[in-house]
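Given chain Z, put chain Y in place with the hints provided.
What follows is the residue order along each chain.
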Amino acid sequence: MRRLAARAALAAPLLAFLGLFFVYPVVAILDLGLRPHGVFTPSILLRPLVDPGLRGVVAFTIGQALASTALTLAIGLPAALVLSRFRFPGRRALRTLVVMPFVLPTVVVASAFIGLLGPAGPVAAALDALGMDVREGLHRSVGAIVAAHAFFNVAIVVVVVGGTWAHVDPELVDAAAILGAPGWRGVWRVLVPLARPAIAGAALLVFLFSFTSFGVVLLLGGPTRATIDVEIYRRTTQLLDLSTAAALSVLQLVFVGALLWLGAFVEARAERQTLQPSSAVARAPRTLGEVAFVATTALALAAWFLPPLGTLVVRSLWGPSGFTLERYLELGSLRAGGILAVSPLAAIATSLATSAIAVAVALPVGTLAAAAVARARRSPGLLGLVGLPLGVSAVTVGLGYVVAFDRPPLDLRGSFLALPIAQSIVAIPFVVRTVAPVLSSTASDLAEQAADLGASPVRAALDVTLPIASPALLAGALFAFLVSLGEFGATALLARAGQPTLPVAIARLLGQPGEAAVAQATAMSVVLMAVTAAGALTIERVRVGAFRRF
Amino acid sequence: MRRALLATGVAAAMVLAAACVAEEGGSEPTPDTVTLLTHDSFDVTRSVLEAFERSSGIRVRVLRVGDAGQLVNRAILTAGNPEGDVLFGVDNNLLAEALEADVFVPYASPRLDSVPDALELDPEHRVTPIDRGDVCLNYDRRWFEQRGIEPPSDLADLTSPTYRGLTVVENPATSTPGLAFLLATIARFGEDGWESYWRALRANDVLVTDGWESAYFGEFSGAGGGEGSRPIVVSYATSPVAEVVFAEEPIERPPTGVVTSSCFEQIEFAGILRGARNPEGAERLIDFLLSRRFQEDIPLRMFVYPVATDAELPPVFREHAVQIPRSLSLSPDAIAAGRRDWVERWTQIVLR
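Heads up: the protein sequence lines correspond to chains Z and Y, in order. Each residue of the first sequence is one higher than the one before, counting from 1 in this note's numbering. Each residue of the second sequence is one higher than the one before, counting from 1001 in this note's numbering.
Heads up, a few of these hints could be off.
[Said to hold, decoys possible] Just the calculated beta-carbon pair ranges, DEER-fashion:
#, chain 1, residue 1, chain 2, residue 2, range
1, Y, 1165, Z, 91, 46 to 52 Å
2, Z, 332, Y, 1047, 22 to 28 Å
3, Y, 1334, Z, 52, 22 to 28 Å
4, Y, 1260, Z, 332, 45 to 51 Å
5, Z, 306, Y, 1043, 38 to 44 Å
6, Y, 1160, Z, 52, 26 to 32 Å
7, Z, 43, Y, 1160, 39 to 45 Å
8, Z, 130, Y, 1312, 51 to 57 Å
[Unchecked claim] Here are some chain Z residues the structure puts well away from chain Y; computed CB gaps all over 12 Å:
#, residue
9, 100
10, 126
11, 127
12, 129
13, 130
14, 143
15, 261
16, 264
17, 281
18, 319
19, 333
20, 457
21, 530
[To be verified] Far from chain Z by the CB rule (all over 10 Å, computed), these chain Y residues:
#, residue
22, 1309
23, 1334
24, 1337
If you're looking for bench data, these hints aren't it; they were derived computationally from the structure. Backbone N, C-alpha and C fix where the C-beta goes; we use that ideal spot for every residue, glycine too.
Isolated chain Z, as found in the complex:
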């Protein structure tokens, strides 16, 4: 009886919050779109499948996601193998370089690729020297989009698949060798089959993230290319066609729901095996072939990951008359903000304040949700509700806020709070994923023992659960902070005109013509990248493997 009451006490505020700030706005937007002039018109839902232009958008969304997944696996699997099974000088640095991009805000990656592939970038210069016509740059191409997605998502493969490989007993591979499968065939016969669920899971995640990609496609695709998410944004802000936007949202929801379900299915089928501590697994490359493989892969990874980030830093420091710190020294000036009407520094302050509030909301709510998830492992409904924000387009959430919270008592449109609350919705699943594993294992067992020994639930939570979970809580808070800091989908719709966040400011400047605006955006991207990298490194220190679950 007390358990039931405790569960209700946990679930009630959680459901109230998610219901009010997530379900209600999303339903409001669907309602608005599907009931034009007050009449429910289900045929609108079929529009994306019937209209040739929208079918093109859907096809492009799926096609680029497949291509991105293929490229990500092609780079990620060798990377995972090298980083999980071998010890070599610079391994830690290489791993950081490969994993870091995953937490970088989309606008930072987009501006890095614009810098690398744009008309003034090094790639265009090189091709120009070869006599090719690249005066308009290569940054507005499907290739650039796919490359940027792979840049982001290799981390998923390295963490998820590498995470499995890092624990496979070396004796298994050796045994395969003894049984007549030497060298690479051992990898093929042992490591690949063992990691099959992990590979499938990672591929699904990569596909999901590429499928719902917004910022990268909006900024690199130019006006001609759109994923479903970008099309929702365009239909809303440019054409004010809420019906089609709603239909696309539903389609996206169905797709993502199916993918998440498939993901849960794959995860459930993952084989359990005897795990070895990763330190016991990795070893120095032994044969010449292994040395060559490790060296080539490491160099190739460096060549893949360094240039975009390097170009970003170099371009932020390079002016018409050579090296300059001007763009950093002028971050506080209105002039540097240009079209924004605020200084870049003000945008940074807005971003930090917004993200801090988002964390203050997402951490308690996410922890409640994690506790609920930990208790109700067999309640897929709750898991689904908590995970759904990952799948609902953030653009849809933002749009829902505009539509749903427009009159008292809940009029958030003029309020500073709308944006951080929307960002917290996006961040909550990340908190849950980080905190839930800790709560579901030792902590709850110990807390129950404490309760059996007579401690009150509050006492048990404070004295037992909190100390055990606090590193995870800190990691969850940081994660939420990073997600909110880089959030662009909901933010693009909700940021108030006079108070852009840093990603919004960067995207606005990237859209302006002229080298000066782009260079300023580059410097701001470097600042955002530095903050994000610092946060991510802290997470790794606080709780090694915090990325594991993504």
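Relative to chain Z, chain Y alone:
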């Protein structure tokens, strides 16, 4: 336990910091502030604005929220609870939609006396005309002279192989000159002909940008200080004047020319947003936008014409501005009825 304390401390510090910045960043405009919501191309001489602020005691906050399409859509989405008091930048081609969404409240400025009646498209005075201009094809004279090619003289020329890969236009979904140009092609080739014209234009490698700034300064080769490589662009009849004004060394003749048969009229309006926090200040701001001082500031800041008949044009305008024969036009009703569908079909044809 120490870690728990650390975590709590970090969380508390962050909330505190947030509260401080939110306090500062979220400060509401004071009662004597008027917020002008406008598009990225809005510009005014600082001293002109300051003179108004001094004489009226009103502080003007200018918020640029992107292109005119985004501006109007934002206003429609937030109708009744706007992000500012006055909106400037809705043009004749977007007007019907904004009026239908009940975005503005009526206000008849005493200064309307000096505005030609033909420009007042809303009899209820929910919007006030502020400036007018013509959207036309511009071309880079030097580019064509150097190659010995005739510049285009008609819209139809753009689809010929001679002009392949030379044109940059704006997306009509996001840019008002882009929309005006689409309407120009519909007026020129008719309901039956415009789609095949755009198909041919696409086949002839037309480039589309989201806004005028990126088309003109980013892709057009004739803009002073620009970085582009295409010699034909959709811009304004008055853009060549701007090239003269901003030329680094004094020049006799504008470096860019106008295809006068390609022009479509654009009138820009301002209106008081329904639900404005400072409606009185908003009325003063509308009066100011129609004042001689501001009207005479318009040509050299935004390079379009003032609407007030008593506003004098700067000499450089009288000398270099091209006279536009009124050849291409569509009725406001036809635009209101067709716009959405046209833009959607255009998107299919040109972008998808």
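Checked hints:
1. 1165/Y - 91/Z: 46 to 52 Å: Roughly 49 Å apart at Cβ, these two residues keep to the hinted range, so it holds.
2. 332/Z - 1047/Y: 22 to 28 Å: holds, 24 Å
3. 1334/Y - 52/Z: 22 to 28 Å: With a Cβ separation near 26 Å, residue 1334/Y and residue 52/Z satisfy 22 to 28 Å, so the hint holds.
4. 1260/Y - 332/Z: 45 to 51 Å: holds, 47 Å
5. 306/Z - 1043/Y: 38 to 44 Å: holds, 41 Å
6. 1160/Y - 52/Z: 26 to 32 Å: Once the Cβ atoms are compared, 28 Å apart, the range 26 to 32 Å for residue 52/Z and residue 1160/Y holds.
7. 43/Z - 1160/Y: 39 to 45 Å: holds, 43 Å
8. 130/Z - 1312/Y: 51 to 57 Å: holds, 56 Å
9. 100: Holds, because the least Cβ-Cβ distance between residue 100/Z and chain Y comes to about 22 Å, which exceeds 12 Å.
10. 126: holds, 18 Å
11. 127: Holds, since 15 Å exceeds 12 Å.
12. 129: holds, 17 Å
13. 130: Residue 130/Z clear of chain Y: closest Cβ-Cβ about 18 Å, beyond 12 Å.
14. 143: holds, 18 Å
15. 261: holds, 31 Å
16. 264: Consistent with the label, residue 264/Z stays out of reach of chain Y, its closest Cβ about 30 Å off (over 12 Å).
17. 281: holds, 29 Å
18. 319: holds, 15 Å
19. 333: holds, 16 Å
20. 457: About 17 Å separates residue 457/Z from the closest Cβ of chain Y, which puts it past 12 Å; holds.
21. 530: holds, 18 Å
22. 1309: holds, 32 Å
23. 1334: holds, 19 Å
24. 1337: holds, 16 Å
In summary, the structure agrees with every hint in the numbered list given earlier.
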